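Asker: Listed here are the chains, written in short residue letters.
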Amino acid sequence: MLLQLKNVSKWVQSGGQKISLLKDINFWVNEGDFISIMGPSGSGKSTLLNVIGMLDTFNEGEYTFLDQSVHKLREKHRSNLYKQYMGFVFQSYHLIDELTVKENLEMPLLYKKYNSSERKALVADILDQFNIVGKKDLFPTQLSGGQQQLVGIARALIASPKLILADEPTGNLNSKQGEEIMETFKELNKQGVTIIQVTHSEKNAQYGSRVINLLDGSIV
Amino acid sequence: MLKHHLILYMRSIKKYKIPFIINIIGLSTALTCSILIYLWVSDELHVDKFHKHQNQIFHLMETLDFADEKSVSPHTSGIIIPLLVEEMPEIEQATRVAKYPKNASIFVEDKTIKADGYYVGKTFFDIFSFPIIEGNKNTIWTNTNSILLSESLAKNLFGTTQNAIGKTIDFQKKKKYVVSGIFKDVPTKSSENFDFVLSYEERILVQPNLMEWGSSGTYAYLKMKPETDVVAFNLKIKDFIKQKTNNDQIYRTPFLKKYSDEYLYGNYKDGIQTGGRITYVKLFSIIALFILIIACINFMNLSTAKVSRRLKEIGIKKAIGASKKTLVFQYLTEAVVLAFMALFLAMIFVLLLLPEFNQITGKQLTITLDSTLLIALLSITLFTGLLSGSYPALYLSGFKPATILKGKLNTSVGELWTRKGLVIIQYTISIILIVSVLVIYKQIEFIQNKNLGYSKEQVIHFDREGKTLDNNYIHTFLSALKKVPGVVNASCTRNRMTGNSWEVGGFDWEGKDPNDYTQFEHMIAYYDLIEMLNIDVLQGRAFSENFKSENTKVIFNEAAINHMNLKDPVGKTISFWGKQKEIVGVVKNFHFQSLHEDIKPMLISFWPDRLSKFMVKIEKGREKEAIANLNTFYKEYNPNFLFDYSFLDENYQKLYLSEQRIAKLSRYFAVLAILISCLGLFGLVSFTAERRKKEVGIRKVLGDSSAHISFLLSKEFVKLVLVAICLGLPISYVLTNSWLSGFAYNAGTSIWYFLTAGAFVLIITILTVSTQTIIAANRNPVEALKDE
Chain A
0 MLLQLKNVSK WVQSGGQKIS LLKDINFWVN EGDFISIMGP SGSGKSTLLN
50 VIGMLDTFNE GEYTFLDQSV HKLREKHRSN LYKQYMGFVF QSYHLIDELT
100 VKENLEMPLL YKKYNSSERK ALVADILDQF NIVGKKDLFP TQLSGGQQQL
150 VGIARALIAS PKLILADEPT GNLNSKQGEE IMETFKELNK QGVTIIQVTH
200 SEKNAQYGSR VINLLDGSIV
Chain B
0 MLKHHLILYM RSIKKYKIPF IINIIGLSTA LTCSILIYLW VSDELHVDKF
50 HKHQNQIFHL METLDFADEK SVSPHTSGII IPLLVEEMPE IEQATRVAKY
100 PKNASIFVED KTIKADGYYV GKTFFDIFSF PIIEGNKNTI WTNTNSILLS
150 ESLAKNLFGT TQNAIGKTID FQKKKKYVVS GIFKDVPTKS SENFDFVLSY
200 EERILVQPNL MEWGSSGTYA YLKMKPETDV VAFNLKIKDF IKQKTNNDQI
250 YRTPFLKKYS DEYLYGNYKD GIQTGGRITY VKLFSIIALF ILIIACINFM
300 NLSTAKVSRR LKEIGIKKAI GASKKTLVFQ YLTEAVVLAF MALFLAMIFV
350 LLLLPEFNQI TGKQLTITLD STLLIALLSI TLFTGLLSGS YPALYLSGFK
400 PATILKGKLN TSVGELWTRK GLVIIQYTIS IILIVSVLVI YKQIEFIQNK
450 NLGYSKEQVI HFDREGKTLD NNYIHTFLSA LKKVPGVVNA SCTRNRMTGN
500 SWEVGGFDWE GKDPNDYTQF EHMIAYYDLI EMLNIDVLQG RAFSENFKSE
550 NTKVIFNEAA INHMNLKDPV GKTISFWGKQ KEIVGVVKNF HFQSLHEDIK
600 PMLISFWPDR LSKFMVKIEK GREKEAIANL NTFYKEYNPN FLFDYSFLDE
650 NYQKLYLSEQ RIAKLSRYFA VLAILISCLG LFGLVSFTAE RRKKEVGIRK
700 VLGDSSAHIS FLLSKEFVKL VLVAICLGLP ISYVLTNSWL SGFAYNAGTS
750 IWYFLTAGAF VLIITILTVS TQTIIAANRN PVEALKDE
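Residue numbers (numbering that gives the first Met the number 0), protein chains in the order written: chain A, 0 to 219; chain B, 0 to 787.
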């Protein structure tokens with residue numbers, strides 16, 4: 000088992016009232032899974048993904064990732080953990096506009112303290128794998144949305160994470176580009192990468208091996 | 000990693016040029032200012048500190064305790080030193096110094112040069128570190144007719160310093176001296192300034208009364224044994240003069256003051272040390288720090304104002320695995336890099352401005368890239384970079400990635416108030432500076448136009464030397480002088496008209512209080528002087544050739560008559576230095592000192608021996624011609640001597656040199672403060688416009704006009720500036736009044752200065768703010784309302 004959530008709840012205080020975002024979530028993921036999280040707007044999909052990705056905290060419950068109790072870890076350990084094992088893909092790609100494709104890809108490696116020659120090798124490999132060698136010196140704004148998302152995925156993958164977290168990865172793309180991205184994910188999954196995606200689209204959910212439906216912060 | 004930060008920063012500069020330009024202008028201006036002030040302050044702090052024994056050197060000063068006022072005199076009488084040295088074992092060495100009373104004319108073969116000099120005691124060069132480069136230090140004073148020259152004076156006279164020793168120079172065509180040594184030029188970091196030295200014994204020969212207790216023409220310096228307790232020593236010598244004079248001079252209390260402290264701590268009021276140049280050193284250091292902090296605040300305001308465009312980057316980086324430390328490091332790097340770019344620009348500005356700055360401050364500052372300066376520059380720059388980077392770095396890196404990737408960002412009330420508070424401070428300082436500039440300007444104008452009670456215009460003066468030293472020749476000389484074309488009138492005096500020259504006691508008059516030790520200014524006048532300077536004679540007459548034995552007559556000013564409380568003074572007799580003198584006239588009070596001082600009692604006497612300056616009134620509009628004629632005349636009537644003159648009104652201006660310097664400097668600082676404050680406001684306005692983007696969008700969609708929105712956005716800042724005006728005006732009122740109270744005669748303040756300053760600042764604010772608010776109000780609301 001890669002990770003497990005037990006009775007996880009999250010809420011915020013607003014104007015003296017407690018607003019529940021996640022209610023009593025129980026949920027596990029095995030290595031090699033391709034899971035789709037679905038649900039209407041405001042049902043807590045992104046919040047759940049952020050909790051799994053350790054970008055957000057929760058108020059109650061337990062979260063185990065690779066046999067480590069995340070809720071007991073200190074901030075620094077937690078960030079080491081997700082740095083090492085997770086990659087993020089965002090709906091609006093979130094590439095840094097001032098950096099070229101190559102430099103964007105290199106960035107996670109910098110934070111993981113790879114040395115210069117390792118970084119070069121890994122960037123070359125991933126450019127090759129995603130067939131974007133010719134685009135390496137372009138800036139994100141010079142690419143189409145599909146191409147930008149491809150770079151986004153490449154960046155998430157570059158440090159060989161165990162888990163990819165994708166928040167509506169095709170939300171800003173047209174259907175053809177979307178299909179290509181989903182095919183990429185399918186291919187990666189075949190190679191053994193675990194993927195959790197949040198999606199609105201039934202069609203995209205089909206690519207996954209398991210679907211989790213959320214409504215008002217609870218799994219239904 | 001560093002490379003990555005730098006690449007990212009350079010590209011973002013390219014993309015967002017305006018904030019970069021504002022930041023770099025603000026920071027480089029502030030750095031320029033700080034570097035200039037640093038150079039000045041460091042120079043000031045080092046004046047007189049180069050003497051090897053500076054910790055042991057003390058100046059013997061005297062507190063003069065008169066009935067109605069206490070003052071401190073830097074002079075003493077020549078006799079006190081030998082007595083002190085004999086009786087006080089704490090003294091290691093001592094020297095007496097008398098200043099040569101005027102510019103001396105020195106003749107070597109066919110050359111004539113005018114130079115300043117001192118008479119000094121034999122240990123002078125042991126106590127003070129003015130190195131002797133030619134001649135043997137032990138034998139320089141073997142002969143009484145020895146003279147030592149500065150390196151550059153020797154070069155001017157002989158072309159070289161090599162063979163100057165043993166050469167004879169003709170001094171004032173009166174006496175010959177033999178060069179016994181050459182000393183290195185007095186450094187600019189010395190408050191003393193002399194080109195030659197003669198022995199103090201020589202001075203006593205000319206002026207034996209220096210050794211009398213009542214005289215005060217000598218400066219005395221002591222080198223104390225190490226670890227002497229000066230406080231205890233001062234107590235010990237407290238009554239020294241009283242005892243030695245059998246209670247004759249009971250009002251004089253000698254005390255020691257550390258020589259190297261005198262330059263910075265040289266002001267006394269009522270006998271108590273009250274600041275001096277150190278006040279300006281502190282003031283300008285604070286101003287430099289303020290300007291630097293204001294510029295840093297601007298950087299912070301701008302960085303946090305433009306936060307939304309960086310939020311995405313921060314979110315991504317955090318999600319990808321950047322630690323808080325990495326981000327803090329990145330933003331600090333950016334700020335420091337910017338600070339160094341600003342330093343580069345600032346250095347260029349400094350090099351360009353240095354000549355002008357030197358002129359204003361009257362210094363000879365240079366940039367020599369030694370280790371001290373480099374360390375100072377690096378620390379100033381790092382301080383600026385780290386200070387301005389700290390807040391954005393901590394503020395930006397503290398966000399939670401999940402929140403900012405959603406695009407939500409709430410600004411706390413505290414943060415907003417911090418920014419507002421900073422703006423209020425900036426503007427308060429600006430207003431204070433503007434009011435000060437106006438008041439200083441008005442006061443200087445007042446000084447220049449003030450009726451002094453005598454007319455200083457078109458009057459030149461020059462020393463009495465050469466043939467004119469003969470009392471019988473003065474008359475011939477003046478008669479011929481008056482005939483020179485362009486000359487209106489001519490006379491002779493001892494006084495400079497621009498400060499005390501000779502304060503004397505020793506009066507006795509009918510009904511005098513025996514405890515009254517008040518000193519009178521002693522003016523020596525020749526015939527025609529009072530008429531030439533347009534000094535009003537209220538009663539009696541001025542000195543005139545038509546009367547005999549004028550040297551037994553005296554004239555007083557009103558202040559003196561009031562002090563002596565004499566009714567119908569003309570015709571009465573008083574006693575002065577034991578001789579009976581008849582009062583022949585009373586003149587109206589006139590300002591013979593700076594306007595900082597009240598007019599003091601003055602005695603005018605006729606005493607040809609003591610005349611030392613010729614004064615010549617020349618015709619208006621013919622100044623150049625008259626001076627050329629005088630030059631020719633002088634060559635004929637006083638051969639061999641240089642016609643070296645100065646204008647009385649220029650000397651008068653020099654009295655207010657430090658006020659004029661402050662005036663100029665504060666003008667620059669006021670401009671800078673306003674400029675930097677406007678930049679700050681610009682930053683804050685753009686921040687607010689950004690924060691209220693959505694509100695503006697909604698208002699526009701609902702049909703509000705751009706003008707009204709612009710007004711709405713501007714209102715907030717105009718309020719801040721109004722608060723600053725309310726704070727700044729009373730503060731500046733207090734400050735300027737306390738500055739003006741240093742002048743016994745001042746122009747006062749007027750409500751208009753305050754209104755002008757307030758209005759000026761308000762207009763500048765509205766202009767700055769509206770540039771931004773108009774842009775914000777005219778944005779397409781669709782852009783603002785679109786969710787990313």
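Hints were generated in silico from the structure; no laboratory data involved. Small disclaimer: the values here were computed from a predicted structure and weren't measured. Hints should not be assumed to be uniformly reliable.
Said to hold, decoys possible - Covered by chain B, per the in silico footprint, the following chain A stretches (three or more residues, Cβ under 8 Å):
(1) 12-26
(2) 65-73
(3) 186-199
As the list claims (entries may be wrong) - Cβ pair distances, simulated, as ranges:
(4) B/Thr273 x A/Lys75: 55 to 61 Å
(5) A/Ser8 x B/Ile6: 20 to 26 Å
(6) A/Asp96 x B/Leu711: 55 to 61 Å
(7) B/Ile773 x A/Ser8: 19 to 25 Å
(8) B/Ser41 x A/Asp96: 32 to 38 Å
(9) A/Lys75 x B/Leu282: 47 to 53 Å
(10) B/Thr417 x A/Ser115: 20 to 26 Å
(11) A/His76 x B/His707: 52 to 58 Å
(12) B/Leu711 x A/His76: 18 to 24 Å
(13) B/Leu726 x A/Lys75: 33 to 39 Å
(14) B/Ile6 x A/Lys75: 26 to 32 Å
(15) B/Lys399 x A/Ser115: 27 to 33 Å
(16) A/Leu137 x B/Leu711: 39 to 45 Å
(17) A/Lys75 x B/Lys16: 56 to 62 Å
Said to hold, decoys possible - Listed below are the simulated PhoX-like cross-link pairs for lysine-lysine, each with C-alpha atoms no more than 25 Å apart in a straight line:
(18) B/Lys399 x B/Lys113
(19) A/Lys22 x B/Lys399
(20) A/Lys82 x B/Lys113
(21) B/Lys693 x B/Lys311
(22) B/Lys323 x A/Lys75
(23) B/Lys13 x A/Lys101
(24) B/Lys51 x B/Lys136
(25) A/Lys135 x B/Lys13
(26) A/Lys135 x A/Lys119
(27) B/Lys323 x A/Lys101
(28) B/Lys14 x A/Lys101
(29) B/Lys449 x A/Lys75
(30) B/Lys311 x B/Lys324
(31) B/Lys51 x A/Lys112
All C-beta atoms in this analysis are idealised placements derived from N, C-alpha and C, irrespective of residue type, glycine included.
Asker: Against this structure, judge whether each hint is valid.
Answerer: Hints, one by one, checked against the model:
{"no.": "1", "hint": "12-26", "verdict": "violated (count 0)"}
{"no.": "2", "hint": "65-73", "verdict": "violated (count 0)"}
{"no.": "3", "hint": "186-199", "verdict": "violated (count 0)"}
{"no.": "4", "hint": "B/Thr273 x A/Lys75: 55 to 61 Å", "verdict": "58 Å, holds"}
{"no.": "5", "hint": "A/Ser8 x B/Ile6: 20 to 26 Å", "verdict": "43 Å, violated"}
{"no.": "6", "hint": "A/Asp96 x B/Leu711: 55 to 61 Å", "verdict": "32 Å, violated"}
{"no.": "7", "hint": "B/Ile773 x A/Ser8: 19 to 25 Å", "verdict": "49 Å, violated"}
{"no.": "8", "hint": "B/Ser41 x A/Asp96: 32 to 38 Å", "verdict": "46 Å, violated"}
{"no.": "9", "hint": "A/Lys75 x B/Leu282: 47 to 53 Å", "verdict": "48 Å, holds"}
{"no.": "10", "hint": "B/Thr417 x A/Ser115: 20 to 26 Å", "verdict": "42 Å, violated"}
{"no.": "11", "hint": "A/His76 x B/His707: 52 to 58 Å", "verdict": "54 Å, holds"}
{"no.": "12", "hint": "B/Leu711 x A/His76: 18 to 24 Å", "verdict": "49 Å, violated"}
{"no.": "13", "hint": "B/Leu726 x A/Lys75: 33 to 39 Å", "verdict": "46 Å, violated"}
{"no.": "14", "hint": "B/Ile6 x A/Lys75: 26 to 32 Å", "verdict": "27 Å, holds"}
{"no.": "15", "hint": "B/Lys399 x A/Ser115: 27 to 33 Å", "verdict": "31 Å, holds"}
{"no.": "16", "hint": "A/Leu137 x B/Leu711: 39 to 45 Å", "verdict": "43 Å, holds"}
{"no.": "17", "hint": "A/Lys75 x B/Lys16: 56 to 62 Å", "verdict": "38 Å, violated"}
{"no.": "18", "hint": "B/Lys399 x B/Lys113", "verdict": "77 Å, violated"}
{"no.": "19", "hint": "A/Lys22 x B/Lys399", "verdict": "22 Å, holds"}
{"no.": "20", "hint": "A/Lys82 x B/Lys113", "verdict": "82 Å, violated"}
{"no.": "21", "hint": "B/Lys693 x B/Lys311", "verdict": "18 Å, holds"}
{"no.": "22", "hint": "B/Lys323 x A/Lys75", "verdict": "10 Å, holds"}
{"no.": "23", "hint": "B/Lys13 x A/Lys101", "verdict": "19 Å, holds"}
{"no.": "24", "hint": "B/Lys51 x B/Lys136", "verdict": "16 Å, holds"}
{"no.": "25", "hint": "A/Lys135 x B/Lys13", "verdict": "21 Å, holds"}
{"no.": "26", "hint": "A/Lys135 x A/Lys119", "verdict": "12 Å, holds"}
{"no.": "27", "hint": "B/Lys323 x A/Lys101", "verdict": "24 Å, holds"}
{"no.": "28", "hint": "B/Lys14 x A/Lys101", "verdict": "19 Å, holds"}
{"no.": "29", "hint": "B/Lys449 x A/Lys75", "verdict": "74 Å, violated"}
{"no.": "30", "hint": "B/Lys311 x B/Lys324", "verdict": "18 Å, holds"}
{"no.": "31", "hint": "B/Lys51 x A/Lys112", "verdict": "56 Å, violated"}
When each numbered hint is compared with the structure, violations occur for hints 1, 2, 3, 5, 6, 7, 8, 10, 12, 13, 17, 18, 20, 29, 31.
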